[in-house]
Amino acid sequence: MTVLGYFLGNVAFIADHIDLLLILGVAVSVVPIAARLLMHRRTSSSQD
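When we follow this note's numbering, the leftmost residue of the sequence shown carries the number 28, and every step to the right adds one.
What the hints contain is simulated information worked out from the structure, not anything from laboratory work.
Keep in mind that this is a model prediction, so the values were computed, not measured.
Ideal placement from N, C-alpha and C gives every residue a C-beta, glycine not left out.
Okay, the calculated beta carbon distance ranges per label pair:
| # | residue 1 | residue 2 | range |
| --- | --- | --- | --- |
| 1 | Val30 | Gly52 | 13 to 21 Å |
| 2 | Thr29 | Ser56 | 20 to 28 Å |
| 3 | Arg68 | Asn37 | 39 to 47 Å |
| 4 | Ile60 | Ala39 | 31 to 39 Å |
| 5 | Leu31 | Ala61 | 27 to 35 Å |
| 6 | Thr70 | Ile45 | 35 to 43 Å |
| 7 | Thr29 | Ser71 | 39 to 47 Å |
| 8 | Leu64 | His44 | 24 to 32 Å |
| 9 | Tyr33 | Arg69 | 42 to 50 Å |
| 10 | Leu35 | Ile60 | 23 to 31 Å |
| 11 | Tyr33 | Leu64 | 34 to 42 Å |
All chains, full assembly: derive it from the sequences and hints.
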């Protein structure tokens, strides 16, 4: 993992946009969780 970070850090695009890439990674991780929560709320409220 450290070696991968070293080599990717030498890529100009990644080094210049690391903050955007990290935000994108977090968003990709959170969106499915939020979608499942919304679907669960929608189905549980329609069963009442």
